[in-house]
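Colleague: 137 is the number that the numbering used here gives to position 137 of the sequence shown; each next residue is one higher, with no gaps.
If you are wondering where the hints come from, they were derived from the structure by calculation, not from laboratory data.
Note that the structure is a prediction, hence the values are computed from the model and not measured.
Every residue gets a Cβ at the ideal spot worked out from N, C-alpha and C, and that includes glycine.
Warning: the hint list may mix true and false statements.
[To be verified] Simulated restraints, written as ranges between beta carbons of each label pair:
(1) A119 with L37: 33 to 39 Å
(2) T112 with Q197: 31 to 37 Å
(3) A119 with A196: 24 to 30 Å
(4) T117 with H223: 16 to 22 Å
(5) V226 with Q86: 40 to 46 Å
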Amino acid sequence: MSDAPAARSPTHLPQMTAALLRAPWKERRDSYAEAHLYEDVRIRVHRSLTWMEKAESRGDADADTALIEWWAAASALFSRVSAVTQQPLADREASLSFSRQIVQWDRDGTLTSVLHTLAGEAMAMWNDPYLTRAFGLGLKAALASEQAGGSETRAPSAAPLAAPPEDGALRLAGILERAGLTVRQLTLGAASYGGAQNREAVARSRRALAALLPALLQVITEHGYVDDWGTLCSAPRA
Numbered sequence: 001m002s003d004a005p006a007a008r009s010p011t012h013l014p015q016m017t018a019a020l021l022r023a024p025w026k027e028r029r030d031s032y033a034e035a036h037l038y039e040d041v042r043i044r045v046h047r048s049l050t051w052m053e054k055a056e057s058r059g060d061a062d063a064d065t066a067l068i069e070w071w072a073a074a075s076a077l078f079s080r081v082s083a084v085t086q087q088p089l090a091d092r093e094a095s096l097s098f099s100r101q102i103v104q105w106d107r108d109g110t111l112t113s114v115l116h117t118l119a120g121e122a123m124a125m126w127n128d129p130y131l132t133r134a135f136g137l138g139l140k141a142a143l144a145s146e147q148a149g150g151s152e153t154r155a156p157s158a159a160p161l162a163a164p165p166e167d168g169a170l171r172l173a174g175i176l177e178r179a180g181l182t183v184r185q186l187t188l189g190a191a192s193y194g195g196a197q198n199r200e201a202v203a204r205s206r207r208a209l210a211a212l213l214p215a216l217l218q219v220i221t222e223h224g225y226v227d228d229w230g231t232l233c234s235a236p237r238a
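Hey, can you work out the whole structure from these sequences and the hints?
Modeller: Structure follows, in structure tokens:
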């Protein structure tokens, strides 16, 4: 019998917090800053970590606020300006482009492992009654727009998939879009703060984003920092 320790599944790995992610990134970030390299990536990661840190501090009584903060942490990474219109891309298009891009940098399998552990959450999100109604054009529209070269064309309305796609990029994009729809319900005032009706959707989206954000940040800071992640929607003031 081998004395080697049993490999731990992703669900048993220690949770990466904003503080733990920031520590190894800081030295690299500072050296990039001195060399005037990867400025947009440094800004994206910094913004994301600040929102992630606030989201981590929330208890269950502040679930709605925490979800909005987790969403801001994700949006700091994926939001981008359209090269055609010079306006911010819609979340569904930006998150799809981002998802296709980041899976190519997942060289350690970090993101793949997290998506695997989220299989149950994803299945529930794909079959959530509220999200099923609200999904509408959703991811199919983003795919159609992407194929049309980023135009404003919208695909015909279609029923959502019965199960999450196997493709990692499409699964990630679908989770982000469904979490975004839950956030949009809150920020439009279409639900009471802490209301009972959307508790499952909020809790599910919060868990999914809390699991995904450390992985997304790790992939970018370890490998994807050399890539172009699109024009920032709001550049810092000089």
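Colleague: Could you check the hint for me, namely that A119 and A196 are 24 to 30 Å apart, CB to CB?
Modeller: holds (27 Å)
Colleague: Look at the Cβ atoms of A119 and L37 and judge whether their distance stays inside 33 to 39 Å.
Modeller: holds (37 Å)
Colleague: When you take the CB atoms of T112 and Q197, is the distance between them in 31 to 37 Å?
Modeller: holds (34 Å)
Colleague: State, for the Cβ atoms of V226 and Q86, whether the hinted interval 40 to 46 Å holds or is violated.
Modeller: violated (25 Å)
Colleague: Go ahead and decide if the range 16 to 22 Å is satisfied by the Cβ distance of T117 to H223.
Modeller: Holds - the Cβ-Cβ distance for T117 and H223, about 20 Å, lies within 16 to 22 Å.
Comparing the model with each earlier hint shows a violation of hint 5 alone; every other hint is respected.
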